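Participant: Here this note's numbering is used: position 11 in the sequence shown is 274, and no number is missing along the way.
A couple of the hints might just be wrong.
Stated by the list, open to error - Each computed DMTMM-like pair below joins lysine to aspartate or glutamate, with the alpha-carbon atoms no more than 20 Å apart: (1) K307 / D448; (2) K336 / D448; (3) K428 / D315.
These are computed hints drawn from the structure, not numbers from a lab. Predicted model only: the values in this text are computed from it and were never measured.
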Amino acid sequence: MQVKHMLFAALMAAGATPALAQAPNAINVMGTIDKIDATSISLKGDDGKLMDYKLDPKLMVLQNKTITLADIKPNDFVASAAVKKADGKLHSTELRIFPEAMRGVGEGQRPMNDANNQTMTNATVTGAAVVSGSNNIKVKFASGGESELILDPGVPVTRIDAADKASVKAGVKVRAQGVKGADGDVINRVTLQ
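Put together the whole structure using the sequences plus the hints.
Facilitator: Right, dumping it as structure tokens:
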């Protein structure tokens, strides 16, 4: 039971990451692990530049697993970035199914403040239907509101799962997130790509 509570706490912290990612002290980098030990990680960016960080002792390791539109089920808690198209509807640019321990994290619908004018929707799936080749996903919020997301063919759909820390090793491509601090930059979340 304690493991479940620890996973829940870690995943709750992960759910706060989108909000933190906009903070000036946030770290959000993609790279390939060059070196890693119990206290530090060195990442090589796509430009070949090495970036060194401390590791949080409570490092959370997640993995995005590619799934299909057919894997989205009623009662899944999802997060979707979307853009409003000419039809006035929100068309997902990606959709992720959160683990049960993250149900309710970031729930709601709000602007993402990015160059694409995307909206973020975190909600519970109530149903889906294929309409003109696209999946129309209906979602509801705990507050009682609801929305619709259009998932056109080819939209990436992933499920977030907890992963084993042993899978974080040299040569693995990751997204690393953390915070910049007075004592150095610390990575507290690694998502295997």
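Participant: Return the numbers of the hints above that this structure violates; sort them in rising order.
Facilitator: Those not satisfied come down to hint 2.
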